[in-house]
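*Asks:* Chains as they are written, first to last, in UniProt numbering: chain A, 1 to 452; chain B, 1 to 452; chain C, 1 to 452; chain D, 1 to 452.
No wet-lab data here; the hints were simulated from the structure.
Treat identical chains as interchangeable: a pair holds within one or across any two.
Think about it this way: if two alpha-carbon atoms lie no more than 27 Å apart in a straight line, the pair counts; the simulated DSSO-like pairs of lysine-lysine are:
1) 141 <-> 12
2) 407 <-> 379
3) 418 <-> 12
4) 141 <-> 328
5) 328 <-> 418
6) 196 <-> 331
7) 331 <-> 407
8) 12 <-> 331
9) 293 <-> 418
10) 196 <-> 45
11) 7 <-> 86
4 protein chains.
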Amino acid sequence: MTYAPQKLTREKVFRDPVHNYIRVDYQVILDLIDTPEFQRLRRIKQLGTTSSVFQGAEHSRFTHSLGVYEITRQICDQFQINYPTKQPGDGLWNDNERLVALCAALLHDIGHGAYSHTFEHIFDTDHESITRQIIMTPETKVNQILSQVAPDFPAKVASVIDHTYPNPQVVQMISSQIDADRMDYLLRDAYNTGTKYGEFDLTRVLRVMRPYANGIAFLANGMHAVEDYIVSRFQMYQQVYFHPVSRGMEVVLQKLLQRAKFLYEQPDHHQSLAPQLLIPFFEHDFTLRDYLKLDDGVLNTYFIYWLDYPDTVLNDLADRFLSRRPLKSVKFNPSTEDCLPEMRALTEQAGYNATYYTAVNNSFDLPYDAYDPSAKSPKTQIEIIQSDGQLNELSSISNLVAAISGKFSGDERFYFPKEMSDTANLEVFAPIYQQFNSYINNGAIQAHPHNQ
Amino acid sequence: MTYAPQKLTREKVFRDPVHNYIRVDYQVILDLIDTPEFQRLRRIKQLGTTSSVFQGAEHSRFTHSLGVYEITRQICDQFQINYPTKQPGDGLWNDNERLVALCAALLHDIGHGAYSHTFEHIFDTDHESITRQIIMTPETKVNQILSQVAPDFPAKVASVIDHTYPNPQVVQMISSQIDADRMDYLLRDAYNTGTKYGEFDLTRVLRVMRPYANGIAFLANGMHAVEDYIVSRFQMYQQVYFHPVSRGMEVVLQKLLQRAKFLYEQPDHHQSLAPQLLIPFFEHDFTLRDYLKLDDGVLNTYFIYWLDYPDTVLNDLADRFLSRRPLKSVKFNPSTEDCLPEMRALTEQAGYNATYYTAVNNSFDLPYDAYDPSAKSPKTQIEIIQSDGQLNELSSISNLVAAISGKFSGDERFYFPKEMSDTANLEVFAPIYQQFNSYINNGAIQAHPHNQ
Amino acid sequence: MTYAPQKLTREKVFRDPVHNYIRVDYQVILDLIDTPEFQRLRRIKQLGTTSSVFQGAEHSRFTHSLGVYEITRQICDQFQINYPTKQPGDGLWNDNERLVALCAALLHDIGHGAYSHTFEHIFDTDHESITRQIIMTPETKVNQILSQVAPDFPAKVASVIDHTYPNPQVVQMISSQIDADRMDYLLRDAYNTGTKYGEFDLTRVLRVMRPYANGIAFLANGMHAVEDYIVSRFQMYQQVYFHPVSRGMEVVLQKLLQRAKFLYEQPDHHQSLAPQLLIPFFEHDFTLRDYLKLDDGVLNTYFIYWLDYPDTVLNDLADRFLSRRPLKSVKFNPSTEDCLPEMRALTEQAGYNATYYTAVNNSFDLPYDAYDPSAKSPKTQIEIIQSDGQLNELSSISNLVAAISGKFSGDERFYFPKEMSDTANLEVFAPIYQQFNSYINNGAIQAHPHNQ
Amino acid sequence: MTYAPQKLTREKVFRDPVHNYIRVDYQVILDLIDTPEFQRLRRIKQLGTTSSVFQGAEHSRFTHSLGVYEITRQICDQFQINYPTKQPGDGLWNDNERLVALCAALLHDIGHGAYSHTFEHIFDTDHESITRQIIMTPETKVNQILSQVAPDFPAKVASVIDHTYPNPQVVQMISSQIDADRMDYLLRDAYNTGTKYGEFDLTRVLRVMRPYANGIAFLANGMHAVEDYIVSRFQMYQQVYFHPVSRGMEVVLQKLLQRAKFLYEQPDHHQSLAPQLLIPFFEHDFTLRDYLKLDDGVLNTYFIYWLDYPDTVLNDLADRFLSRRPLKSVKFNPSTEDCLPEMRALTEQAGYNATYYTAVNNSFDLPYDAYDPSAKSPKTQIEIIQSDGQLNELSSISNLVAAISGKFSGDERFYFPKEMSDTANLEVFAPIYQQFNSYINNGAIQAHPHNQ
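Same shape as in the complex, but just chain A:
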């Protein structure tokens, strides 16, 4: 028997709090889970700094990746029971696509690194290209296993993840506006944070999915379940993912890494700072093997080292990150943006290096969008299929979805040390603090008399 279709004699399960069981019936899947590259995801939190606000959000990209696999498996099962293809080109489900779908689902996040987005921003790495590398390069266990299925199998799996795989059903399962990835993270993040916004009726959504020639559509009688999912996603962004305090921790992290990089580039610090596993990244010269050694704990370990490093910006930022002392923030908008230079100046006057102690941070998300061919990366729209086969784009028939469709939600915030807003404290800096706070009202920057 070849490796590809090698089914286990008895299904193996992983206990999961969200899906109850993750069910595996291919040896390939078990072997992929057991690779060092995949096991490494256990050491990377799914939500980064979010657990500084929602303390239960301690789950890893490992558990999420298993969840995406499981939802994909359930979609394949449903398609195979209810919509099996009869002849090529009939737009129904071809179960030969199952294994590539499952592998892509499992591996879609395998290139993620420690504190992903912040790290990428500072060190110019790209988790998507690394995902591709991990799958394609013969040096990884992942590639070696995938290659046993068929020589071209790694390339197939990679093409699903980067949307170039020819079968749109497989691509949309893993990546679309309502895919296994988003469905798992909403449910899992809601479960672990203890919020309810992310909950939606997964069983019903899965039940109303159906394959068609151009991908996946949703039965008209399940429109409200899809609507509920879109609203849930919108609310998770508003309430959890964009939380200003969690972004305040992200800003600290970003400034901390930026300071370390700056110091490393100074001759007198170069030698003494030397964070062994980060050096290739400071040097802009890293291998995949270097990348795969990083995880949240490695970064935190260097932050612990830096607590004692003789640079007050570095050791203070390290302490703020480890002891959870985020920068504080106020909202601003184009009309109040011109207050920022003066607020930065006041922060400097109060003794803070404004380069490291102030920041602007945006968080915006497009909760849902109908297809717009002129967009930079046009999104696959959600299609509702009527009983006579007619397709309607979701926002065209749902008032709720139309209300949030195509509109960016989020805000733009100015971050600064919390101490700046402590006007009660009668210190030497009190007048500066008071002037600083005259710019702020109701959590937002207000136009200032001086600037008007």
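Based on these hints, arrange chains B, C and D on the given structure of chain A.
*Replies:* Showing chains B, C and D alone in chain A's frame:
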């Protein structure tokens, strides 16, 4: 206003998946949560290697500690509403005890370190004495905050944790056979693992607790809720905490640290190995500050370093730990114990250093015990209070509890490399493997012809 | 001690699947629950014919009424802890209002009868005026108990329910667009039907409520929790309360009662039909005592009697109702409405009495509305209170709510015997059936060639 | 295509709060659900008078029956995937048995009547023999549908329910100490009462079931899940099913029916009492058609009639039942049983007819029992199957189960009017009340000085 009774003008909450909200109304509690010593608990998993089997078990000692605080707060509330003291010595609840109870609840685990039990075993540290140090030494933020309540307040909090505090109600809230600690960890571990064994009816248990002169008793009409809790605890030990695979990872960890310590003591490795933050522990000469720098991520970081270290035992064990390749096990008992030397010898013959690749591991727990004054550490028994005030020890009136009372449950296992049981593989070592496996039947060592 | 403030020495609880425990600490509340008028609510289903579609929806108005009481109790507790009045007119919470609020919450539905809306329609009863009667007339146990609190207490409770009580906070707790009644029924109906649409974050909504001079407002940081509640309510109407099949059962019930009333008015049936407990209603001459004898089971009992009654319309409709054979439906709109006469005529031709076997049924709901003084019954709008005290009406700051605000949702349907659409059956009526179905496409009436 | 294997082109689902969806893929099952005999189960509460204590327990035998069907369906699926038969006599699962298993599961309770056990006791009916009749007699829709599958199919289904069907796997699915019936009612009753005692890990129990030659066994690694189920069942009996107050309502019901029957037998009441649908039962001469007309609502309707009947025992008992005023109780045992005559005499002296106002009520259950061929109805024991195929009876390897195995749990209680224990009331009967209460201590009868 003094610090001690400084209540917040509006309750502050932390969202929690198990208790929905953790409610805080004292500034002291908020300040303790914000200390570096307490924040460090975010970086230490509550269940150590258990997440290698139940992958959802990624929660930290931080979230658990908040949970213990919250349950204690709820007990105090219930006692204050229903059983407030009228006069000294009436055995009812004195709400002046609330703050010491809450602080002890929050801090009871603060001395825990990375991979606690294994680490303690190898490096001879003791988390209980460190908890006491953190609370008592003026160098910690925790002590500084507690001291602001009253100069003797740190000592009071510490005495609750080590059971010498005079009020038995406060002590039993935090530490007894049915305390806030156990109640939180059962619910939280069940929630995160996705198992249901740990679930019991917390609201009802809390409702039937009542203070009396010698501590805390349970109303007779709530006996079954307490019974259910005992059975849940028994089953979590059987099914989750004693899981043989998770113990197989613990064995790998233990051997890995043991090997590193051994190498460090060799002159030619001393210099090259040098895991900066662990050196004080290798040297048996560490400060509290050294201890507080450790966490799971720090240890994992050194394991990543060791992947490349030129000692095949060290780098292989590091890889096994990081990539989740536990040692395998079989049960044995006194009558089959004499097979172990030969099985160890065969493991050596197959090329493994038996000192590092075989181990014996016991896991035993006493699910419940009535008071036994002759025991090494006699346990506070659970008292059921009848409507006429009479007390009955739980196991004397519950068949279910009597069935598991005073009986150790658990097993003794022999661990070895999984490869030893791979008899299908036709390798050079196949005959050795076959001989090794002739000692094993149905997951346990069987008496061997040679030894009979 | 007077009766009014007579608190129980120990809180009494009722186990509840939605709120875990219903907590009672006033003797008055216990006594009201024990009245025959309140116990009767156990025999009236909360959702009438909905259980014919969502079979779990078997819960009664009794459990819902306890739930409304419990949510009201929790609101009072929160208000008393966080917003206790300091001086008259400060717009904060006066806890002397607690008992009237609790009693009104408990009793708000006490006038509901069997299959309420349908029954009222046929027999011209009015559950609101009966609620008032039960509270006000000295012949009821409910009135006798309320009168013991104070002679004017029944009138106070009644005035809360009919919105004339002077304190707007108390009125809005029980009756507004986000009140204890709606919050309980959404959660309870979701729990029992097993749908998730009705779920929202009750704990958070309660936490962000605050009293102010003109009623109850919601803290700005809780806006999304309120938004989520509005969306949940919208979806429960769409998916559960307006379900076309459940309305098909309601139509059968309505026609059945209408036929019985018609027959009773015929001399030759008058004597033989005689449904003892319904006669006062057939005669348009009933007392409160007559009304309180009715419940779902009484009506069903007469339907069982009528299975054998020698009128084919009556016995067939009774059988349809008891054996769950709803009329079928299609949507129509003003442009297709003119097909109805011909479709009714075809139904007659197929042998059905169109008066009893066809019907038009509308279901429309206003999910949320800002205050419109010109409306027939203007609604209290939901106010979001900013940190500087400013009030914003919800839909003015929520895109989601604006999307469904002020718009009626629902549909208009034509009901007919399911047999009419059974075109596969080659019967004598087949041509009629085929002609009938030529009017229908995709679940709606389509404009017909004949009519164009 | 014949009717038997007529699978639906697309699965039909019923939304269920316990199992999420009930999935149906046979037309036969849909048709059985639509019969009047099965729909009637909607009007019979699963737990009778239990909802007087746990008010959420309002669910019907209809929803339970669907649940038993669904669990059976899941067992068949698991067996077919993992243990399909290869050749006759191999002890594995033959999927041709699926339809008979599903039908038997769905119909196993179809003979239940209103307030089943109490009614049977008074009127000498037997729901098991009626179940058989409904399935076997050509006058029912149920039989007509089953007969279309095959002429001998009704007899097969009936034989599964009465344990004479030759395939022990099918019989044990529906009826054994761990069957689909018990599993559904534990979960459903726990869900609706809001208690947690009945919860156990259904998914895991189903996963570890396997067919073998003599029926169904459980994999050794799932032993704790089975143990947990047994303990849950034990606790539901203790806490919910045997609740003394709910039994106090049952006693009222029993006495009420007994009084009505007595009066009916008196010439002067015969005519006036005349409860139309009950007459055949009063006359000991009823048909199946008579039986199928009864439900909870019909009985309650007559109780409402009787509120006005001029017999003070009858109208008072009716009022007690409808307004939830149960008889009160105390425990007794063989050593205190001799106090009963005097307590009954005192009740008479206080003006109550002791025949109708006092009662003895036993509730005993055998939580689990190993097979005992000498028992009146020997039970199928639960077999745990080891990895080498060896079977162990559950209680032989589980301390917990052994603790409650073969031991009857429950109690024996004496019921009397609550007024008898109201010693605070200074009435004419006060001395009698006081004497009565001198027999009672701590909720049980105590040996009385007079009797010693």
